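Visitor: Sequences listed follow chains L and F, in order. Everything in the first sequence is counted per the working numbering, starting at 1 for the first residue and increasing by one. Everything in the second sequence is counted per the working numbering, starting at 337 for the first residue and increasing by one.
Be aware that a few hints might be false.
Each computed DSS-like pair below joins lysine-lysine, with the alpha-carbon atoms no more than 30 Å apart [said to hold, decoys possible]:
no.	chain 1	residue 1	chain 2	residue 2
1	L	K72	F	K538
2	L	K97	F	K394
3	L	K97	L	K115
4	L	K110	L	K131
5	L	K59	F	K394
6	L	K97	L	K133
7	L	K131	L	K111
8	L	K110	L	K133
9	L	K72	L	K110
If you're looking for bench data, these hints aren't it; they were derived computationally from the structure. Just so we're clear, the structure is a prediction, and the values are computed from it rather than from any experiment.
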Amino acid sequence: MSILELRDITHIYNRTEVLGISALSIEKGEIYAIVGPNGSGKTTLLSIMSLGLRPSHGKIYFEGHPIRYDTKSLMAVRRSVTMVLQTPYLFNTSVAKNVAYGLRARGVPKKDLDKRVMEALEWVGLDGFGKRKARELSGGETQLVALARALVLNPALLFLDEPTANVDARHVHLFEGIISRINKERGTTVVMTTHNLSQAYRLTERVFSLFEGSLVTSSMHNLFSGKVLLTEEGPCFDTGAIRIWIPPGSESVEATHVTINPENIIASGEPFASSARNQFQGIITEIIDQGGRILLKVRSQEIFGLQITHHSLRNMRLTVGSRVYLTFKASSVQLL
Amino acid sequence: MESSIGFLWNALETSIRLIFSFDGEVYGIVLRSLGFSLSATVVAVLFGVPVGFLIGSKRFRGRSAVITILNTAMALPTVVVGLIGYSFLSRSAPLGFLNLMFSPKAVILGEFLLSLPIITNLTAAAVQSVHPAAIATARTLGAGRFQTTWTILMEARFALVAAIVVGYGRAVSEVGSAMMLGGNIRFYTRTMTTAIALETSKGEFGLGLALGFFLLLVVLSVNILFHYFQVRGRTG
Numbered sequence: 001m002s003i004l005e006l007r008d009i010t011h012i013y014n015r016t017e018v019l020g021i022s023a024l025s026i027e028k029g030e031i032y033a034i035v036g037p038n039g040s041g042k043t044t045l046l047s048i049m050s051l052g053l054r055p056s057h058g059k060i061y062f063e064g065h066p067i068r069y070d071t072k073s074l075m076a077v078r079r080s081v082t083m084v085l086q087t088p089y090l091f092n093t094s095v096a097k098n099v100a101y102g103l104r105a106r107g108v109p110k111k112d113l114d115k116r117v118m119e120a121l122e123w124v125g126l127d128g129f130g131k132r133k134a135r136e137l138s139g140g141e142t143q144l145v146a147l148a149r150a151l152v153l154n155p156a157l158l159f160l161d162e163p164t165a166n167v168d169a170r171h172v173h174l175f176e177g178i179i180s181r182i183n184k185e186r187g188t189t190v191v192m193t194t195h196n197l198s199q200a201y202r203l204t205e206r207v208f209s210l211f212e213g214s215l216v217t218s219s220m221h222n223l224f225s226g227k228v229l230l231t232e233e234g235p236c237f238d239t240g241a242i243r244i245w246i247p248p249g250s251e252s253v254e255a256t257h258v259t260i261n262p263e264n265i266i267a268s269g270e271p272f273a274s275s276a277r278n279q280f281q282g283i284i285t286e287i288i289d290q291g292g293r294i295l296l297k298v299r300s301q302e303i304f305g306l307q308i309t310h311h312s313l314r315n316m317r318l319t320v321g322s323r324v325y326l327t328f329k330a331s332s333v334q335l336l
Numbered sequence: 337m338e339s340s341i342g343f344l345w346n347a348l349e350t351s352i353r354l355i356f357s358f359d360g361e362v363y364g365i366v367l368r369s370l371g372f373s374l375s376a377t378v379v380a381v382l383f384g385v386p387v388g389f390l391i392g393s394k395r396f397r398g399r400s401a402v403i404t405i406l407n408t409a410m411a412l413p414t415v416v417v418g419l420i421g422y423s424f425l426s427r428s429a430p431l432g433f434l435n436l437m438f439s440p441k442a443v444i445l446g447e448f449l450l451s452l453p454i455i456t457n458l459t460a461a462a463v464q465s466v467h468p469a470a471i472a473t474a475r476t477l478g479a480g481r482f483q484t485t486w487t488i489l490m491e492a493r494f495a496l497v498a499a500i501v502v503g504y505g506r507a508v509s510e511v512g513s514a515m516m517l518g519g520n521i522r523f524y525t526r527t528m529t530t531a532i533a534l535e536t537s538k539g540e541f542g543l544g545l546a547l548g549f550f551l552l553l554v555v556l557s558v559n560i561l562f563h564y565f566q567v568r569g570r571t572g
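Just chain F, with the same shape it has in the complex (with noise of 0.2 Å):
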């Protein structure tokens, strides 16, 4: 019982020691994670944002079948897509000659499929709660087509920045596809989750400690975020 409390301890001691030295190791760990996930979650915008307002505000047929799709999707095992990834990047696989596997860009393409669900989907539902007298004042003070949609992504703004806020939530904490799709080669593709997985594995409990307090950290801060975000986008 005592020694189990000592290994607790000393790895507390541990995690605190490479937090407040600000060791090298940890902090790239933490701030390529960051990256690879802000790099995903900005290509999954670019791409999610406008079919979301498309599937929020148009009405087509296979709609219903799109959002039953998006809905699957958000909550798509990570090691699924790890795998999907894996059966198109490996050596061997169609997609094979660009050489992404084990890369950072294959760790982002990763995060990007798990994100893109999530930020298209909660799009879409942005868009589909903002009233739809706001088109028609938009149009009625002469507003074209373009001002109308600028208009209703404005009005859904709250609620947008939430979905991204989700999305980017999704990307950081994920470890089954970077581990398999980036292969949690030091310095150059390991994240925070993965390192995780990797110490704890290992005995080195002390650093994957280090990296879960920054993981709490980034996640408690996208959900007060999202909170936050949720909360503006009712009341205004």
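Only chain L is shown next, with the shape it has when bound in the complex (with noise of 0.2 Å):
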């Protein structure tokens, strides 16, 4: 059952169209995360579906209602719903009377209130943290506060804006942690953005890309840019460090990026006889397990990500710094 559903949904900024979403369905109990370069219209995504931001056209319906945007109404959604900001804000005073904040606004008694709180700090970590001043928190703590905050209000639909953007390693871990907790815990449906496509994929497999405003159908993997050449062998995209060949016909096409699925991407250890023009040879950086599948990400003169099975990954013997050939075919290549 979705929770939250977008249709039609376009908002224009300065006469322009920032973003345009034709439908986007946002089911219970899942965590979905939205990646796509900076720019891509991910935060104007996340504060239209919060509801923080009125989308220029289009309905957004909450469990099956439309929203209206009255005050009466909008109220009694955000209740139910809640955002972590990219940089979030506390306020000027202590760790507990930020965590406590919402439950304030929602009247709630103070012997439960201290309670409720004392649990969210638990849940993040920061337990005996209640009486310290917010704003002399590191980046990461002010992050787990902020995430805290949210928690404490058990919101059926949680919305992190880059969650782990500005903090470290450790807390990168953690926060990670905490969010696959809440969800499998507590049922809370995560909708999250993020430019770190191995995060998303290590938190779900409810993965959608934003490019320009727009969801696009390929992963943000492999997303190029640059511009197409017409040469004699035929189209193709030059990225400044690569040559991709694209499909014959699309040289007209005034495309400033391209994109290829990873699933399209062959790995071998030697090189692929195939009709395929495009082919690369690349090492092994990272080896992300996404359950079903084995993203590899591949330095060549750019970074390329492929998905193979478990099955692949075992009988090539492919470890991090393994050399491996790549090979996809020109229509393989989406421009954009």
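Given two chains presented individually in distinct reference frames, assemble the corresponding complex, making use of the accompanying hints.
Guide: See below:
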């Protein structure tokens, strides 16, 4: 069952359409990651979904009911959803009062309030931090307090905008653990934006890619910028570091980016005899277990991402540092 | 030379005697002065803080003009305020029937008019300095309009208190309007500043000096408090 649905959403800023989503459904109890480069519209989309921003056009449904943007109905829905901003703002008071803020807004009695604040701080591993001044915390601790402040409300839907963009590696790991735990133990639906694709796949298989305000079908693993060139051998896309063969007839497209679906790239230990025109050699830099599949990150002149099976990983005896050959067809290249 | 030093020494001796003998008139003037300024500041806070909040938090047509007027009003000479008050409150003026002229209420009104632009303007600046994310955060956490407003004021609390302290400082140290609207009537509208002006002109330098000490003490306290709240506002 979907908890949130977006239909024909567009958002216009300074007479420019910055977001255009024809349909997006968020299922209850799932984790969703929205990935995309800077300026792709991730934060705008999240703001619209969390009802902090009214879209220029389109409808949003919360638990099947259309959102009406009057104060009363907005307040009612906002009590079920909350959002942690990319750079969280902590009020100029103690950690405990920050965490208690939303509960006070909901009129929770003092006795319950103290207990819930303590529990929330325990959730994020900051028990004993209650009396500390919020403004004296480190970046990672600030993020965790902001997360505790959201978790204490036990929201049905939690939005996280680049939750680990400004924290160190230790806190990233902690954060990811908490997100998984609240989803599993409380059934909280989580929608997060990230520019870190590995993180997105570590948390969920439900990864959306956003590019220039639109959801794109292929993943953002292999998104390259550059320009289309017409050569004697046919049209190609020049990234500055490599040339990628693109489908004939697409040379007229004024594309500035291309993307290749990781599923369409073949990895082999030796050069692969094939009619596929794109062949690159590279070194594996990362192996990410996505549950059913393995995501390999390969550094060539550009960084490629590709998906293989657990079986292939074992058979090919691939490890970080292994040399591989990447092969994909020109028709696998999507021009953007 | 010797006689001028003697004059100063005598005045200092008199002032110290007046302070430590708890002279009724001196302390009466000090308490009256502090009371008038406090009343004026309280009324200025009641008007200035809500108006300052609106100016600081809303965008509307003519906002910059309002801010320019407030900036000008902040530096208004006290005698001009006295003149304006006089033109409204004197016997034949439009509000003359209220019989406020040369009364404590007239002094308070003058001090209110002087501290109001300061409190309004500094409140607007304090509210404006609150990070916009504070509002977004309050909303995402389910706060209503009133709670969000309260949150902004609480975030700006140190700057707000500093604004009130400065407003009080302006009220307590002014002389022009208190003289013109209060008339410097003994045991009734005489304040520290008007008494200092009068006693010095009469040659009663000792009394003037004693009141000057108190006035300096008040102004110094105001400045220390202002600095304290400014620093607290920056460091939290």
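Visitor: Would the hint linking K59 of chain L and K394 of chain F be met if the CA-CA limit is 30 Å?
Guide: Given pair K59 of chain L, K394 of chain F holds - Cα atoms ~28 Å apart, limit 30 Å.
Visitor: Going straight from one Cα to the other, do K97 of chain L and K394 of chain F come out at no more than 30 Å?
Guide: Distance ~27 Å between K97 of chain L and K394 of chain F Cα, so the pair holds.
Visitor: Does K538 of chain F lie within 30 Å of K72 of chain L when you go C-alpha to C-alpha?
Guide: Distance ~68 Å between K72 of chain L and K538 of chain F Cα, so the pair is violated.
Visitor: Sort out whether K131 of chain L lies within 30 Å of K110 of chain L, counting only the CA atoms.
Guide: Answer holds: K110 of chain L to K131 of chain L is near 16 Å, not above 30 Å.
Visitor: Compare the distance between the alpha carbons of K72 of chain L and K110 of chain L with 30 Å, and conclude whether the hinted pair is satisfied.
Guide: 25 Å, holds
Visitor: Regarding the pair K97 of chain L and K115 of chain L, is the alpha-carbon distance no greater than 30 Å?
Guide: Roughly 13 Å separates the two Cα atoms, so the pair holds.
Visitor: Would you check the hint for K110 of chain L and K133 of chain L, treating anything up to 30 Å between C-alpha atoms as holding?
Guide: Distance ~20 Å between K110 of chain L and K133 of chain L Cα, so the pair holds.
Visitor: Would you mind confirming whether the straight-line C-alpha gap from K131 of chain L to K111 of chain L stays at or under 30 Å?
Guide: Roughly 17 Å between the alpha carbons, so the hint for K131 of chain L and K111 of chain L holds.
Visitor: For a C-alpha distance cap of 30 Å, please report whether K97 of chain L and K133 of chain L respect it.
Guide: 10 Å, holds
Going down the numbered hints, you'll see the structure goes against just number 1.
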